Amino acid sequence: EAGVTQFPSHSVIEKGQTVTLRCDPISGHDNLYWYRRVMGKEIKFLLHFVKESKQDESGMPNNRFLAERTGGTYSTLKVQPAELEDSGVYFCASSPYRGRNTDTQYFGPGTRLTVL
Amino acid sequence: GDSVTQMEGPVTLSEEACLTINCTYTATGYPSLFWYVQYPGEGLQLLLKATKADDKGSNKGFEATYRKETTSFHLEKGSVQVSDSAVYFCALRGGSYIPTFGRGTSLIVHP
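Residue numbers (the numbering used here), protein chains in the order written: chain A, 1 to 116; chain B, 1 to 111.
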């Protein structure tokens with residue numbers, strides 16, 4: 001079974017540019033989460049989708065961040081325009097809905113974003 | 001709010017040495033506690049967990065005991081291997097399904 005995949009693995013952009021990160025959850029997982037780790041700090045929650053609906057977006061830092069999950073499959077996280085403080089590693093995770101192990105989130109490898 | 005504090009790294013050890021990574025937490029109620037591991041180039045994986053006081057989580061030779069009296073969940077392993085080199089994250093989950101993570105501790109094991 002394929003795990004959670006994220007693309008790209010690395011992205012280097014200049015301040016003011018736009019970047020779109022993609023996450024493909026494990027097939028059949030209704031729950032999809034985005035997290036961010038700024039260098040050397042905690043992993044922070046950004047938002048949670050259940051299928052295509054945003055369940056909780058309380059962690060989104062500001063309106064420069066837009067997350068979508070069209071059709072309840074893969075998700076994208078767009079940063080527009082990017083600022084220096086957006087640099088970090090963006091993790092995606094998924095979990096089954098009402099599954100036996102609903103408390104286990106399966107994480108992707110992350111996308112390392114560097115804003116210059 | 002909830003918070004997790006874990007020891008700063010990197011922790012550098014020789015193969016077969018003993019490992020302890022300290023983790024303490026602040027939370028209301030009775031959270032579940034977790035250790036995640038991130039190997040190079042991979043995603044976070046759940047290493048072990050404990051859901052109530054005095055529970056011991058264990059996996060792959062790693063252990064951690066939920067100590068409510070000291071609000072701690074230290075990660076231990078008696079003999080580390082080079083393949084244990086990774087970043088280890090302590091986390092808790094209280095009333096919310098969203099985990100609160102520590103800053104991560106990098107472990108480097110030399111042959």
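Note that these hints are calculated values from the structure, not bench results. Hints are supplied without guarantee of correctness; some may be wrong.
Pair ranges (Cβ atoms, derived) [stated by the list, open to error]:
| # | chain 1 | residue 1 | chain 2 | residue 2 | range |
| --- | --- | --- | --- | --- | --- |
| 1 | A | THR104 | B | LYS68 | 16 to 26 Å |
| 2 | A | THR18 | B | LYS68 | 26 to 36 Å |
| 3 | B | TYR97 | A | ARG22 | 32 to 42 Å |
| 4 | B | GLY29 | A | VAL12 | 19 to 29 Å |
| 5 | A | GLY40 | B | GLN45 | 35 to 45 Å |
| 6 | B | THR20 | A | THR18 | 37 to 47 Å |
| 7 | A | GLU83 | B | LYS56 | 18 to 28 Å |
These numbers come from a predicted model, not from an experiment. Every residue gets a Cβ at the ideal spot worked out from N, C-alpha and C, and that includes glycine.
*Does the Cβ pair B:TYR97, A:ARG22 satisfy 32 to 42 Å?*
Hint violated: Cβ distance 24 Å, outside 32 to 42 Å.
*Taking 16 to 26 Å as the hint, is the beta-carbon distance of A:THR104 and B:LYS68 inside that range?*
Distance hint for A:THR104, B:LYS68 holds at roughly 23 Å.
_Given the hint of 35 to 45 Å, is the C-beta distance from A:GLY40 to B:GLN45 inside that range or not?_
violated (21 Å)
*Just tell me: holds or violated, for the beta carbon distance of A:GLU83 and B:LYS56 against 18 to 28 Å?*
44 Å Cβ-Cβ, so the 18 to 28 Å window is violated.
_Outcome of range test on Cβ distance (B:GLY29, A:VAL12; 19 to 29 Å)_ = violated (42 Å)
*Please test the hint of 37 to 47 Å on the beta carbon pair from B:THR20 and A:THR18.*
About 44 Å separates the Cβ atoms of B:THR20 and A:THR18, which means 37 to 47 Å holds.
*In this structure, is the beta-carbon distance linking A:THR18 and B:LYS68 contained in 26 to 36 Å?*
Because 47 Å falls outside the window, the suggested range is violated.
In this structure, the earlier hints numbered 2, 3, 4, 5, 7 are contradicted, and the remaining ones agree with it.
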